[in-house]
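A.B. asks: For reference, the chains in residue letters:
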Amino acid sequence: VTGRRRIEPVLPALRLGFAALLAWACADKLLHPYAFAQDVAGYRVFGPALSYAAAVFVPALELVTAVCLAAGVWLDAAALLNAGLMTAFLALVLQAFFRKLAIPCGCFSVGGDALIGPLKILENAVFAALSWVLVLRARPSGRAHGPASPRGAAPPEA
Amino acid sequence: VRTAARAAALAALALAAGAALNLLHPRGVPPRLVAAAAREREVPWNRITVDSARALFGSGRAVFVDIRERPEFDAERVPGALSLPFLSYFRAPSSFERGRDPDSIYVVYAFEPSRPEGRTLLARLRGRGFARAAWMYGGLSGWLERGYEADRGPGAGP
Numbered sequence: 001v002t003g004r005r006r007i008e009p010v011l012p013a014l015r016l017g018f019a020a021l022l023a024w025a026c027a028d029k030l031l032h033p034y035a036f037a038q039d040v041a042g043y044r045v046f047g048p049a050l051s052y053a054a055a056v057f058v059p060a061l062e063l064v065t066a067v068c069l070a071a072g073v074w075l076d077a078a079a080l081l082n083a084g085l086m087t088a089f090l091a092l093v094l095q096a097f098f099r100k101l102a103i104p105c106g107c108f109s110v111g112g113d114a115l116i117g118p119l120k121i122l123e124n125a126v127f128a129a130l131s132w133v134l135v136l137r138a139r140p141s142g143r144a145h146g147p148a149s150p151r152g153a154a155p156p157e158a
Numbered sequence: 001v002r003t004a005a006r007a008a009a010l011a012a013l014a015l016a017a018g019a020a021l022n023l024l025h026p027r028g029v030p031p032r033l034v035a036a037a038a039r040e041r042e043v044p045w046n047r048i049t050v051d052s053a054r055a056l057f058g059s060g061r062a063v064f065v066d067i068r069e070r071p072e073f074d075a076e077r078v079p080g081a082l083s084l085p086f087l088s089y090f091r092a093p094s095s096f097e098r099g100r101d102p103d104s105i106y107v108v109y110a111f112e113p114s115r116p117e118g119r120t121l122l123a124r125l126r127g128r129g130f131a132r133a134a135w136m137y138g139g140l141s142g143w144l145e146r147g148y149e150a151d152r153g154p155g156a157g158p
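Residue numbers (this note's numbering), protein chains in the order written: chain A, 1 to 158; chain B, 1 to 158.
Please keep in mind that the hints were generated in silico from the structure rather than gathered at the bench.
A short, non-exhaustive set of chain A residues, derived as facing chain B with CB atoms under 10 Å:
1) 35
2) 38
3) 52
4) 57
5) 135
Some residues of chain B that are not near chain A, with every Cβ distance over 12 Å (derived):
6) 71
7) 100
8) 151
Here are some chain B residues the structure puts well away from chain A; computed CB gaps all over 10 Å:
9) 49
10) 56
11) 110
12) 142
13) 145
14) 149
Note that the structure is a prediction, hence the values are computed from the model and not measured. Note that CB positions come from ideal geometry on N, CA and C, so glycine has one too.
With the hints as extra help, turn the sequences into a complete structure.
C.D. replies: Okay, structure coming up:
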């Protein structure tokens, strides 16, 4: 059994897991957009205007991505957006940590999360890595798993 | 290419959904707040010290404006101050601006010495012709530390 074969049964769970994670993450942000904007501003990467705009856009992007991942619609694009979000979150958390910003993450609830630390970085790194596994295995046809390429398939019999 | 195009389409859908949800949200981010935040660096950050503010208070030449939420305002404030919660102002600025003399001195404050929202609100007020609006640098905390007088209990709105 190859490594690629071993990972196939895990992919639907990974896809649904990310859908649930994103749905959970966006709920509190959608309910409290202004408070989320304060969390975004705390990262001191965006100016105030962009922080407000991000507070409106990011939760909606998480919601749309979650719906697509859960429903299996445009999985290739949804997986790519998911990976983009997870990688961006990792980058933001990393820069906040190295700049010694004592701020809440704002990842899953606004204003109430624990402060950013090594565990939060590890959590984000794991999510980012898994999200790219999903990108590499999602096919443009919309399937999240299955043979990655014809190279892995047996040649047709003559 | 197809994956990227689909991802862009989903992002555009999220942008539209985010804007719509925010407009429908009773505690959403008002668009005029984003506009004011985008312009705030073009506007001089007009600040006065707590002691200067106290001198204006003594002369009766200034209107004090408290941008905190109503429960905080009711708990403790500068005597005679108006309550103008930050988000409420951006949702309905005319309720404050209508019939108010733009040539008066407006001393805007929060509890903290400085708050990012203060600069945004000042940018908006000054952009609307309230050229003598100023931020009380030091905040209500500085005011109380100096032993200046304070009112407690329900106060006036805009």
